[in-house]
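Trainee: These are the residues of each chain, in order.
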Amino acid sequence: MLTVSHICKGFDSKAVLKDISFQLDARETIVILGPSGCGKTTLLHLISGLEKIESGRILIDNRAISKPIPDVALILQNYGLLPWKTNLQNVALGLKIQGVSRKDRNTRARKILTDLGLAGRENDYPSVMSGGEQQRVAIARAYASEPRLLLMDEPFSSLDAITRENLQDTLLTTWLGTTVPYLLVTHSVEEAVFLGKRILILSGSPASIHEIFDNPGFGDIAYRRSSSYYELIRSIRHRIGEYW
Amino acid sequence: MIFIKRIVVPYVITILVVFLVWKVLAILLSRNVLPYPEDAIHAFLSALLTSEFWHHFAASAFRAVMAMIIGWGIAFPIGILMGSSHQVDKFLSPFVSMTYPIPKVVLLPVILLLFGLGDFSKIIIISLILGYQVLVATRDGVRGIQPQHLDSIRSLGANKWQLLWEGYLPAALPHGFTALRLNSGVSVAVLFFVESFATTEGLGYLIMDAWGQLDFNAMFVGIFGMSLLGVILNEGSNFLEKISCPWY
Ligand SMILES: Nc1ncnc2c1ncn2[C@@H]1O[C@H](COP(=O)(O)OP(=O)(O)O)[C@@H](O)[C@H]1O
Ligand SMILES: [Mg+2]
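For the record, the sequence lines run as chains F and D.
Just so you know, the first sequence maps onto residues 470 to 713 in this note's numbering.
Just so you know, the second sequence maps onto residues 882 to 1129 in this note's numbering.
Isolated chain D (complex conformation) (with noise of 0.2 Å):
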């Protein structure tokens, strides 16, 4: 019942509203330009009939769910160092401040350079993005813990290990879990990018193509799948935040 309120409603809305907004768009500019909107869904529903949208859709489902797994796997655990640690910030922090600004995406031809083409480089491309992204809002998520709650753990005779494990932990796990939920917009964002060369495999590649042959509609069921595969991975890393922070 709660599911049904609070994820399927607000769904159901924005869908009818793009409809309607697009529909009118679509009559206003024309047809060839912007399919009309039924056109665009009926092709989609047809294409998740068949196995080989799922195809793709797996394949880009993987990448990005890979890079999340990785990304915040490395940059939580080292968010949670830095933020507790002053020996640990003080040896990180100037080489994160001079390399959160650089746009990460820039870094891709090195790394294609040094882990070729395949897979691999298109995750650690997508988990270097969110990485910093996690590492950063853990960190100050840490910093920002309050320093009773540490007193109230350290009074109990905790050691240093307890005092993680009970305190800057706990205290971080919600701040990681937003990040990686704010950011998974931007992992599909950078996973259209990096799916847009040197593969034949995933949604991006599916958009790419289908524009090379002017298929608009087959257009539009790539575009409709990256939006599915973003609903999904935003609402996953919701459902991790709520069952590992109960509290929050």
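So that you can see chain F by itself, here it is in the shape it has in the complex (with noise of 0.2 Å):
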């Protein structure tokens, strides 16, 4: 459903990813891990059509990429909840943008963050909500468009290990329910193995993918609690060693 093929990009006269290329099936999720830095933010920016790439090609469903379209949400860093709408009117936005009626729009939206366990906090703003809500949010919000592909930068990276937790048990039963294909990015290699069908080693400067894990382990919430989850770990770790 997604093909990244030989993609670079660079900013000024300083290149950053360099010939980036995998498929992303229609039932599958990749991870993409990376350290600090190496041009995982630049790289989803790129699939969601916000920057333009220097050469290769994205497509998806065959289609190329040029700008945002609203069959591929983006979870920004940081959340990208806008301070100024309350999280029902930031979970409407993209229906709103879509020209959908605000009848529609809200009753979906409430749907959601209902679902997300988030009912009567429609009319509060993000800056009244703890970050674990407010991811809540932006997942509700990536949700609300149907969109056919989801990309996530680094959502959990800023919340504490148990909230982390609970939002990943999220993200992979809500996956399990509707299997809307999703990449994440992110620097933890437990993130990774716990949320990637596949995972893809990013790294060097410009970055390209090192190596690519399967994951058959992949799709239980258990898994955490399994030993092939710890074995994993250890063969990644044991291999970014070499060269993060």
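No lab work stands behind these hints: they were computed from the structure.
These numbers come from a predicted model, not from an experiment.
Be careful, since some hints might not be right.
Taking lysine-lysine pairs in the DSS-like style, the calculated list, with each CA pair at most 30 Å apart, reads [said to hold, decoys possible]:
1) F:536 with F:483
2) D:1041 with F:554
3) F:487 with F:666
4) F:572 with D:1041
5) F:521 with D:1041
Got two chains here, separate frames each, mind docking them using the hints?
Mentor: Following this line, the structure appears as structure tokens:
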């Protein structure tokens, strides 16, 4: 469903990404694991159409991406909620931009907020929500337009450990229920192993994909307590120790 | 309840303090130079019951409010455009930088020549002074908008107008209103200046006329009236800011 082939990107004269290629299937999830500053955000912005690619091609369902489209939802690093909109308005914004009537978009936004455990918080502003709650609103916002692909930029990095695992569970449960494919970038090996059916290691400067790990145990909430989970974390850590 | 606590109490305390200091000064100086505060207040309260006072008050309020509406209405959109568009900014910013440091009151003779001695000129000069402040504050506020908020809106497929409406406009509102509120005092000051000539209406006229007749109590009626007008303009813009920026 998503095909990234041979993309390169730089800012001014500094090359950031070099020859990135991979494919994401419609029933799959990919986590891209890379250290801070290696170009993860840049890669997601390219795929979402926020930034222009220098060379290479990005296809979603065989259509080239040149600007953001409603079929692709992006959860930005630091949530990307607008402080001047209530939670309900934030969640409904994508639908509003697509021209959905106020009544319909609010009904849909309310339902998603309720599904994510935020009933009663519709008219609060993001500034009064905790980090975990804000991330729930951001997830609700992403699912509101019924995207065909979800892009997430270190969605859980700034949360405490308990909240993070809670939200990782929520994300996985949602995926199991809807199977909207997602591409998530993170610098956390644990998160990558819990949330990625495949794990791509991004590193170097300019960054490229160094290695791909299959993750047969993926897709089970109880995965975190299994030995194969720790086994994979250990071997990924071992491998990235050589080039991070 | 909140209204009483936030608005009434501070004003009451201020009035009491001013009253005391004034009283002491009036005793130290002499009654001829500075009337006793109770005399001035008495004159003011009696004036509040006359239609003449309200006639002058309404004339001043009309000029000030019109100037704020015109100044804000023109400057705020330009500020947003300058802050959000490089092309517009490149085109207009040399003009703004060159004219911003000029004290706008020096343009008064030009404006009087162009628009005559009537209300229109008075309103124009106030809105010009106010408008510059609003323009610069709005422009800088829009420039300071976090890029991730814009990315967030663009990532949903927004076009240019939707980006303006959902992003730049709400981000700019608090800046525009804060500038309006902070400069409501300046508006009243300029109002006094432009009402001190070529008019027989307004609080400024009232003050200058009483001064000419050495009627100090009447002079303070005008001064209190100005103060009342300033408070109303200040709280009015504060109120506008509150209802249009509830997240702030
Ligand atoms: N808009 C930009 N202009 C110039 N350089 C940028 C820009 N965005 C990112 N970079 C640079 O690209 C590199 C990768 O950044 P980023 O994609 O944010 O990394 P990550 O998300 O992995 O931490 C960094 O060196 C950063 O300084
Ligand atoms: Mg990043």
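Trainee: For a C-alpha distance cap of 30 Å, please report whether residue 572 (chain F) and residue 1041 (chain D) respect it.
Mentor: 24 Å, holds
Trainee: Within a Cα-Cα threshold of 30 Å, do residue 521 (chain F) and residue 1041 (chain D) meet the stated pairing?
Mentor: 17 Å, holds
Trainee: Can the restraint linking residue 1041 (chain D) and residue 554 (chain F) be considered satisfied, given a maximum Cα separation of 30 Å?
Mentor: 19 Å, holds
Trainee: What's the verdict on residue 536 (chain F) and residue 483 (chain F), does the C-alpha distance respect the 30 Å limit or exceed it?
Mentor: 23 Å, holds
Trainee: What's the verdict on residue 487 (chain F) and residue 666 (chain F), does the C-alpha distance respect the 30 Å limit or exceed it?
Mentor: 24 Å, holds
Hint compliance for this structure: every hint is met.
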